Amino acid sequence: MSRITRDRIQPGQNLEAVDLNDRFTDYSQTATLNEENTRDGAFDTPHLASGIITKGMAKTFLGTGDWTRSSVNTVTSQTAASTAAVKFPVEDASSTETRLNASDLTWTIAAKDVLRIYWDLSVRPMYTGTPWTGSPTTIQVDQDGGGTVFVGIGGHCWIISLEWDITSAALANFVPVFGGTDFTSSVGSFKGGSLPGCRHASVIPAWRMSTENTVDGKAASGTTISTRNKVYPTGWYGASGSFYYAPTTAGVTVYGIRVVVHGIYHPANGSGNNYLLVDDTVGGANQKLQYSAGFLTAIWQRTE
Amino acid sequence: MSKKWTTYEQRDKNLLDADAITEEFRSNQSSITTLDRTQMPVGAVTEARLAPGALHRIYTTELSGGTNAGEQNNYRDTTTSAWQFLAATYQVYGGSWQTLFNETLTDFQGGNLFIEWGGSCFVNGLCHQTINALYPPNPKHFNLRIIVGGVEVASSWGPAIGCQSYRLFGTHQLPPGNHEVSFQWRGTSSGPDDIVDTPGGARLMQFHSWGNKALAIGRFR
Numbered sequence: 001m002s003r004i005t006r007d008r009i010q011p012g013q014n015l016e017a018v019d020l021n022d023r024f025t026d027y028s029q030t031a032t033l034n035e036e037n038t039r040d041g042a043f044d045t046p047h048l049a050s051g052i053i054t055k056g057m058a059k060t061f062l063g064t065g066d067w068t069r070s071s072v073n074t075v076t077s078q079t080a081a082s083t084a085a086v087k088f089p090v091e092d093a094s095s096t097e098t099r100l101n102a103s104d105l106t107w108t109i110a111a112k113d114v115l116r117i118y119w120d121l122s123v124r125p126m127y128t129g130t131p132w133t134g135s136p137t138t139i140q141v142d143q144d145g146g147g148t149v150f151v152g153i154g155g156h157c158w159i160i161s162l163e164w165d166i167t168s169a170a171l172a173n174f175v176p177v178f179g180g181t182d183f184t185s186s187v188g189s190f191k192g193g194s195l196p197g198c199r200h201a202s203v204i205p206a207w208r209m210s211t212e213n214t215v216d217g218k219a220a221s222g223t224t225i226s227t228r229n230k231v232y233p234t235g236w237y238g239a240s241g242s243f244y245y246a247p248t249t250a251g252v253t254v255y256g257i258r259v260v261v262h263g264i265y266h267p268a269n270g271s272g273n274n275y276l277l278v279d280d281t282v283g284g285a286n287q288k289l290q291y292s293a294g295f296l297t298a299i300w301q302r303t304e
Numbered sequence: 001m002s003k004k005w006t007t008y009e010q011r012d013k014n015l016l017d018a019d020a021i022t023e024e025f026r027s028n029q030s031s032i033t034t035l036d037r038t039q040m041p042v043g044a045v046t047e048a049r050l051a052p053g054a055l056h057r058i059y060t061t062e063l064s065g066g067t068n069a070g071e072q073n074n075y076r077d078t079t080t081s082a083w084q085f086l087a088a089t090y091q092v093y094g095g096s097w098q099t100l101f102n103e104t105l106t107d108f109q110g111g112n113l114f115i116e117w118g119g120s121c122f123v124n125g126l127c128h129q130t131i132n133a134l135y136p137p138n139p140k141h142f143n144l145r146i147i148v149g150g151v152e153v154a155s156s157w158g159p160a161i162g163c164q165s166y167r168l169f170g171t172h173q174l175p176p177g178n179h180e181v182s183f184q185w186r187g188t189s190s191g192p193d194d195i196v197d198t199p200g201g202a203r204l205m206q207f208h209s210w211g212n213k214a215l216a217i218g219r220f221r
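These protein sequences, in sequence, are chains Z and E.
Reading the first sequence from the start, the letters are residues 1 to 304 in our numbering.
Reading the second sequence from the start, the letters are residues 1 to 221 in our numbering.
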């Protein structure tokens with residue numbers, strides 16, 4: 001009802017009931033008020049309908065849900081027998097995936113919408129022995145007093161990444177979220193993902209590595225690699241990650257979101273690109289990642 | 001919205017004249033064109049009626065360092081060995097603040113800004129504490145900060161060892177306008193004993209960053 005444009009009744013004009021009814025209809029219009037009907041400052045907080053900015057929010061527990069860590073799940077690292085990245089969805093104590101399902105989501109992310117995803121998970125990388133000593137990732141450096149020795153550089157890590165299902169509520173087709181690598185790229189004989197595809201992935205140090213008695217740019221002499229590198233367990237670690245999906249054209253319908261664990265990876269490069277590649281030489285049943293509890297949250301909002 | 005007669009209430013069998021209708025029309029027109037907050041229904045402003053950018057604006061970006069999306073591109077030493085990143089080495093990087101990415105917050109209407117930045121990094125932690133850097137030691141960190149219009153709104157000492165992920169966030173009050181945001185990093189400088197290369201001349205990666213993304217929310221007025 002920004003304006004009523006019906007002609008006025010002129011003096012001497014015959015009037016009928018319809019003239020009155022038409023005018024009542026004009027004034028009784030609904031849902032057509034616009035800026036011409038309101039004065040400055042007309043709108044205040046109560047006038048704002050709910051859900052005009054935040055369209056949806058969903059949250060779920062991740063893992064066993066046990067913050068005391070008396071109940072944990074364990075993922076083992078990949079070995080040379082692994083053909084590609086083996087991803088383990090985060091599960092509860094009953095081996096049921098903890099994820100956001102279609103009943104939580106089924107959100108169609110339109111242009112000028114944004115999907116924000118946040119997660120956190122309490123994790124504990126573990127190892128036995130000195131698995132890094134046999135890895136091709138060790139580097140040869142000068143040794144104090146002459147000669148050279150090998151040391152580890154400390155880049156081994158676990159990855160926790162985000163996946164979504166944008167095909168159906170059956171949730172049978174989880175794939176990396178928009179733009180994310182699935183860590184199946186080949187670099188030489190190794191598998192992994194390129195760094196430009198890693199916005200959906202967080203990294204956790206497999207161990208904490210340093211050196212002892214380094215001097216003048218040289219490693220200490222007289223020790224083996226396993227003792228030269230000072231290495232300590234990462235311990236329980238608060239891992240977290242985030243992701244944003246803001247399509248500029250009509251986007252996708254999101255039915256499910258989950259978090260997957262995989263590793264152990266190491267930095268690498270090839271043909272001018274950087275990668276995180278599975279280092280299966282350090283993998284095995286003794287290299288594992290425990291996890292207990294966390295949260296996965298998704299927020300769906302309009303961007304303006 | 002309902003409306004009642006205010007000037008002449010027409011009753012059954014009344015004799016009508018044109019002015020009775022016209023004056024009522026004028027009366028109603030006056031009030032309709034000047035609705036104030038007491039006349040607006042609760043919840044009248046729906047998503048469809050809310051003008052874009054009236055209350056807020058969310059800025060998201062897949063931050064990019066040139067051709068390597070989300071990846072640090074300031075220092076990309078190509079002489080590192082195969083099982084390392086093409087990354088910042090101490091031969092090419094001395095330890096200064098570097099702008100990883102710039103982003104402009106356009107059409108900011110004035111109000112509160114929330115901004116967050118997440119990503120992953122590698123820090124070479126081999127030489128935190130050496131023979132000649134013992135008291136004090138020289139722990140390496142991937143320092144991070146967010147600068148908005150020249151003002152630091154968030155900072156972090158950053159990860160220290162190996163591959164780790166980070167997220168930092170802050171808030172700031174800003175006037176209307178376009179605001180420049182810089183996402184910056186700084187690695188700790190080398191110590192006197194740091195191992196920086198191999199006997200064959202390959203340089204050791206010291207710092208790298210990837211998977212960077214940022215989000216900002218402007219809540220106006």
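Honestly, I wouldn't trust all of these hints.
Unchecked claim - To give a feel for the contact side, a few chain Z residues facing chain E, derived at Cβ under 7 Å:
#1 K59
#2 Y127
#3 L171
#4 R208
#5 P233
#6 E304
Claimed, not checked - Residues of chain E placed beyond 12 Å of chain Z at every Cβ, according to the derived structure:
#7 Y93
#8 G94
#9 F122
#10 E152
#11 W157
Derived by calculation from the structure, the hints in this document are not laboratory data.
Given the structure is predicted, the values throughout are model-derived calculations rather than measurements.
Built from N, CA and C at the ideal position, the CB exists for glycine as well.
Okay, the hints, checked on the actual structure:
1. Given hint, Z:K59 at the interface with chain E, is violated; its Cβ is 18 Å from that chain's nearest Cβ, farther than 7 Å.
2. Taking 7 Å as the C-beta contact cut-off toward chain E, the hint placing Z:Y127 at the interface is violated, the least distance being around 13 Å.
3. A distance limit of 7 Å between C-beta atoms decides the matter here; for Z:L171 the minimum to chain E is near 25 Å, and the interface restraint is violated.
4. A hinted interface residue such as Z:R208 counts as satisfied when its beta carbon comes closer than 7 Å to some beta carbon of chain E; here the least separation is about 5 Å, so the hint holds.
5. Checking Z:P233 against chain E by beta carbon gives a least distance of about 12 Å; that is not within 7 Å, so the hint is violated.
6. Hint on Z:E304 holds. Least Cβ distance to chain E is approximately 4 Å, under the 7 Å limit.
7. With a minimum CB-CB distance of about 16 Å to chain Z, E:Y93 clears the 12 Å threshold, and the non-interface call stands.
8. Under the 12 Å C-beta cut-off, the non-interface status given to E:G94 relative to chain Z holds; the minimum distance is some 16 Å.
9. Chain Z draws E:F122 into its interface by the beta-carbon criterion, the shortest separation being 6 Å against a cut-off of 12 Å.
10. Non-interface status of E:E152 relative to chain Z is upheld: no Cβ of that chain comes within 12 Å, the nearest being about 21 Å off.
11. Chain Z leaves E:W157 outside its interface by the beta-carbon criterion, the shortest separation being 16 Å against a cut-off of 12 Å.
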